[in-house]
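Undergrad: Sequence order for the protein chains is G and A.
Here the first sequence is numbered in full-length UniProt numbering, starting from 1 and rising by one per residue.
Here the second sequence is numbered in full-length UniProt numbering, starting from 1 and rising by one per residue.
By construction, these hints were calculated from the structure, which means they are not laboratory data.
Some hints here could point you the wrong way.
[To be verified] Subject to a maximum C-alpha distance of 16 Å in a straight line, what follows is the list of computed EDC-like cross-link-like pairs (lysine to aspartate or glutamate):
#1 G/K321 - G/D157
#2 A/K268 - G/E344
#3 A/K321 - A/D178
#4 G/K400 - G/D261
#5 G/K284 - A/E162
#6 A/K284 - G/E344
#7 A/K280 - G/E279
#8 A/K268 - G/E262
#9 G/K280 - A/E162
#10 A/K284 - G/E287
#11 G/K309 - G/E344
#12 G/K321 - G/D209
#13 A/K309 - A/D178
#14 A/K251 - A/D178
#15 A/K284 - G/D157
Number of protein chains: 2
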Amino acid sequence: MRILLVGAGGVGSAFAAIAARRDFFETIVVADYSLERAEKAAATDSRYVAARIDASSEDAVAALCREHGITHVMNAVDPVFNMPIFNGAFAAGADYLDMAMSLSKPHPEAPYEKTGVKLGDEQFAVAGDWESSGRLALVGIGVEPGLSDVFARYAADHLFSEIDELGTRDGANLVVTDDEGNEIFAPSFSMWTTIEECLNPPVIWQDGDWHTTPPFSEPEVFDFPEGIGPVECVNVEHEEVLLMPRWVDCKRATFKYGLGDEFINILKVLHTLGLDSTEKVRVKGVEVSPRDVVAAVLPDPATVGPRMKGKTCAGLWVTGKGKDGAARSTYLYHVVDNEWTMQEYGHQCVVWQTAINPVVALELLSRGTWQGAGVLGPEAFDAVPFLDLLTEYGSPWGIKEL
Amino acid sequence: MRILLVGAGGVGSAFAAIAARRDFFETIVVADYSLERAEKAAATDSRYVAARIDASSEDAVAALCREHGITHVMNAVDPVFNMPIFNGAFAAGADYLDMAMSLSKPHPEAPYEKTGVKLGDEQFAVAGDWESSGRLALVGIGVEPGLSDVFARYAADHLFSEIDELGTRDGANLVVTDDEGNEIFAPSFSMWTTIEECLNPPVIWQDGDWHTTPPFSEPEVFDFPEGIGPVECVNVEHEEVLLMPRWVDCKRATFKYGLGDEFINILKVLHTLGLDSTEKVRVKGVEVSPRDVVAAVLPDPATVGPRMKGKTCAGLWVTGKGKDGAARSTYLYHVVDNEWTMQEYGHQCVVWQTAINPVVALELLSRGTWQGAGVLGPEAFDAVPFLDLLTEYGSPWGIKEL
């Protein structure tokens, strides 16, 4: 297995650090728009090679694949670049993995009721080409989407006879402090992307079809395990809702993000003022996008790890009937402590938790334990070997009846 | 009387429109950094002349005064330019009026407990020079500071024998709608200045001295008259607190601004994110001040008049003992309806209400009813002729026992 890792940002660098401890692959070409960043991440392991890449160019992706005899392209950049990387991998005859799917476009007339272009639509549109070529695009194989989808398949196969709702629930109790120890506002994930996913119309699967709602709909306090506790969660547009119903039978699929009151309020204010906009405005002789300014004034999420404390939880709340036919309500989850990831890997917990899952998936693909062709989500594969290998990596998952 | 009006923005243009109906002056030179803007405001009246001015240059201000034989300089620009205009007027032997005082600087060690450089300190520092030259600087003669200070003098002279608190309270029920009639967030006053005054440490006069508090301190719901109703008010740094105790005996002086929950929340979020900062940040190859970006994405306050509905109220809540020695609690106020100012003057109510007061003051100075030398606040003069003339202008004040 020869891997091209596109993107040496927070998640890409953590991927490189995790993979460095495994022996299932021959090489990883670590490619980034910044060669310096690629070189820094590539320095982790002697099997790694650094390269510069323009991820917006399908031809550049294909050329780099051919140059290095790449068998698997691992996409770890902003989903805005998904299609050129996805198409470039296909053109070069490589398999492909990503952790977020091609972007959505709201419905032009009823954005908060009907779906427009859905997450992943562009990728699923060419699934037939991938299948007939015998090539695999494993989409959405981070932690959410990714591990959450593995949980869905596990629940359907081993825990439930009938599923009412597959409800992904994500929450954390992370706190970032400044040099004086005062708590500061510093998102642990890209603010640009957080604004994108939180202000897009959330999508819900219900009774055989998808529909949308206004942002921040159906607020709910979910009590997260392992000391994280209750966090205010709201509907957010996320890939799980688009992936799970394609392979797992369920009446309803939702994604609720534990933003917490403060973060929800901040996002609402940014939207009220128009500071979420990506359209450039003229400010004293220069032109800037307000959303870029918001991202620029906040600390870089890749740098907050050492000043962050707490745990993050990704999980799936499944309701329905158990194998015995009785009502069942179960939360399958994965909790990571920032202190542990910083000490063990030198990467903060949110990017680390995202990055471990594609490493596990690639190892299963290299073993032939997972195999397939087409554009497939994680729930298209057997969940058990994935969960076992995740535990073997030293990061076990949990289960709790609610 | 020959007036130099420095600034043809929202307040300056409204000043020109109000003064155009009065005959107490010979000419007004309307000067702005933008000659086009000056010409537009000067077109109101045949006695007006337009000029270009750099308000940051004391020499330019003095030269323009000399060129036009100016007797009174009316400062209607951002208070950041106060000192060059104030000094330029003095150099040219003219009297001076402004509607906001020289800026403060927080205490370096205890910004939320002690005052540093206070509003007006730079101007009061040279009060002796103005007095010995027989020249008058009438500072803070807008609506707040301005009319509120006149109310303080009126209360002391005619209503109270002993004053506990002089509490300026400002509130409105203004609503701005977009082209489709949906309510939008659009401040009726400069967002840059609003951030400045709301996030600076609020100042309070108490038992013979000034001290500061954290922003948004001592929230209080004040019930404003004439249908405006209850609005959440908080302490804000404002000139009244620095002016009133110099001339009017009181135990305490405060300024609370009826920002309302939504606006307070917005300001807090901007501060949390660092978007209130005036220091430039680098954003994708350009440098901008975050606060300038916030101001740029919002509608220009000078243009919202036609899409605005509601009333604005400026007033002073006085508590203590009445002339009869019994406990008294009285609100003296001035309410303006945006519909009326737009129809009568073509200017929105907030800038109009600010601008009418210096016109009244200049008319009293031209008559010799008000006279004085030094750096003086509005409370240094007899309030009755001012309030009578304000009423004669068609904009009466009110009084209410609380």
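Undergrad: If a hint holds in the structure, say so; if it doesn't, say that too.
TA: So, going through the hints one by one against the coordinates:
no. : hint            : verdict
1   : G/K321 - G/D157 : 13 Å, holds
2   : A/K268 - G/E344 : 37 Å, violated
3   : A/K321 - A/D178 : 48 Å, violated
4   : G/K400 - G/D261 : 25 Å, violated
5   : G/K284 - A/E162 : 51 Å, violated
6   : A/K284 - G/E344 : 34 Å, violated
7   : A/K280 - G/E279 : 20 Å, violated
8   : A/K268 - G/E262 : 11 Å, holds
9   : G/K280 - A/E162 : 57 Å, violated
10  : A/K284 - G/E287 : 10 Å, holds
11  : G/K309 - G/E344 : 15 Å, holds
12  : G/K321 - G/D209 : 22 Å, violated
13  : A/K309 - A/D178 : 12 Å, holds
14  : A/K251 - A/D178 : 45 Å, violated
15  : A/K284 - G/D157 : 48 Å, violated
In this structure, the hints that do not hold are numbers 2, 3, 4, 5, 6, 7, 9, 12, 14, 15, in rising order.
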